[in-house]
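Participant: Between the sequences and the hints, there should be enough to build the whole structure, so can you do that?
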Amino acid sequence: MDFSAFLKSLEDSGLASGLRGSLYYFPFIESAHVMALALVFGSILVVDLRALGIASTHRAFTRLSTELLKITWGAFAVSALTGALMFVTNARVYAHNTAFQVKMVLLALAGLNMALFHLTAGRSVARWDLSPTAPKAGRITAAASLILWLGIILAGRVIGFTTTGAQAKEAPVSTVNFDDFLNNAPSSAASSAPPGAPP
Amino acid sequence: MKTFAEWLSATFPSVYLQTHEAWMLPVIQSLHITGIGIAVGSALMMTLRLLGWVGTDQSLLESQRRFGPWLTAALYLLLASGALLIIAEPIRELITFSFWLKMTCVAAMVVMFAAFQASVRKHGQEWEQTLSKRRSIRIAAMLTFVLWGCIIILGRLIAYDHIWGHLSPATKA
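Quick mapping for you: the protein sequence lines, in order, are chains L and R.
Everything in the first sequence is counted per our numbering, starting at 1 for the first residue and increasing by one.
Everything in the second sequence is counted per our numbering, starting at 1 for the first residue and increasing by one.
These are computed hints drawn from the structure, not numbers from a lab.
Please note: incorrect hints may appear among the correct ones.
[Claimed, not checked] Computed list of chain R residues with no C-beta within reach of chain L, every gap over 10 Å: (1) GLY41; (2) LEU101; (3) MET103; (4) MET109; (5) VAL110; (6) GLN117; (7) SER132; (8) ILE137; (9) ILE139; (10) MET142; (11) GLY155; (12) TYR160; (13) HIS162; (14) HIS166; (15) LEU167.
[Said to hold, decoys possible] Here are some of the chain L residues that sit facing chain R, going by a computed Cβ distance under 7 Å: (16) VAL34; (17) MET35; (18) GLY42; (19) SER43; (20) ASP129; (21) ALA143; (22) VAL158; (23) PHE161.
Values in this document were obtained by computation on a predicted structure and should not be read as measured data.
Here a beta-carbon is modelled for each residue, glycine too, at the ideal position from N, C-alpha and C.
Facilitator: Okay, structure coming up:
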């Protein structure tokens, strides 16, 4: 099966059509995704700031990172799961969306960056655990991690702006069309006012 | 409120955000989400420390000094980026049930946080020894997790306010 057939089969799955058919699933899955990513970003920020020597510098790095990475991984699992659920509802549109592709690349880079941290500063952690900053390689990867995650948040938000209204050709008709539903909401008065209307 | 939202949507900054710079809205929203990440992370650290689940190598007061200012700063970032989002889309934001319920939750959270912060700074020892073990306080601390969850869900539901049915003023518009 080629890739686009695979995407199509995801869209046609009972799970995907079930999710599309409900008014409630998508907003709540999206909310869970935001909650999880807030925890992922918030916890990574604390660890990165510690490695950079900006905050929590009096605490042992390993103590802090061991505690926080449990939260990070738990929240990451939730965001990956909720992300996958949103993906299958409109797989072909997301897969071909540039912002989505950028986000996946940034996620992969964040993973690589984390591996780099473990291979460099992580190996010598016993030596700098109590010192206020990580060695240079640790500081560089910590800064890179923050930049990558900010990029992931931005790319994620852009997906919502660039896929709304987009529908793959011969996509199954959904019972509830969110786009209609969003467009029916009163849009901004100024932009929809006819020309010549009072400002 | 509808009159205000309509007036606001016709003001220059609002018209500018609506008609120019399509990239600005996702950027402001991303800043808002980043702020939520910082706020939730900081609040979580302080609450988990209060419950004695993480960070027990530092005192409650130390934990508050480390994360309190970050939460405060994040709240300002959220206020600023949130205000810009309202200016950019006044009717989408203000004429929704989700937005006002969210603001109620935010107000409750800010009051709880401010009271906690002031009290820990004044009575650090007492918090450490007795208050953090009191059942009512531990329940209140756990309730803040629920409150943060509600704030995030309601924030996202602003875009889907119709799910509230007749509670949503948007359905009457």
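Participant: For every hint, state whether the structure bears it out.
Facilitator: Going down the list of hints, with the structure as the test:
1. GLY41: With a cut-off of 10 Å, R/GLY41 comes too close to chain L, as the shortest Cβ separation is near 2 Å.
2. LEU101: holds, 13 Å
3. MET103: Consistent with the label, R/MET103 stays out of reach of chain L, its closest Cβ about 17 Å off (over 10 Å).
4. MET109: Holds, because the least Cβ-Cβ distance between R/MET109 and chain L comes to about 14 Å, which exceeds 10 Å.
5. VAL110: holds, 17 Å
6. GLN117: holds, 17 Å
7. SER132: holds, 18 Å
8. ILE137: holds, 22 Å
9. ILE139: holds, 21 Å
10. MET142: Given a closest Cβ separation of 16 Å, the condition holds.
11. GLY155: violated, 7 Å
12. TYR160: violated, 4 Å
13. HIS162: R/HIS162 not clear of chain L: closest Cβ-Cβ about 6 Å, inside 10 Å.
14. HIS166: holds, 14 Å
15. LEU167: holds, 14 Å
16. VAL34: Hint holds; L/VAL34 Cβ to chain R Cβ min 5 Å, cut 7 Å.
17. MET35: holds, 5 Å
18. GLY42: holds, 2 Å
19. SER43: holds, 6 Å
20. ASP129: violated, 12 Å
21. ALA143: violated, 16 Å
22. VAL158: Cβ of L/VAL158 sits 5 Å from chain R, so the hint holds.
23. PHE161: Holds, because the Cβ-Cβ distance from L/PHE161 to chain R comes to roughly 5 Å (cut-off 7 Å).
In summary, the numbered hints that this structure violates are 1, 11, 12, 13, 20 and 21.
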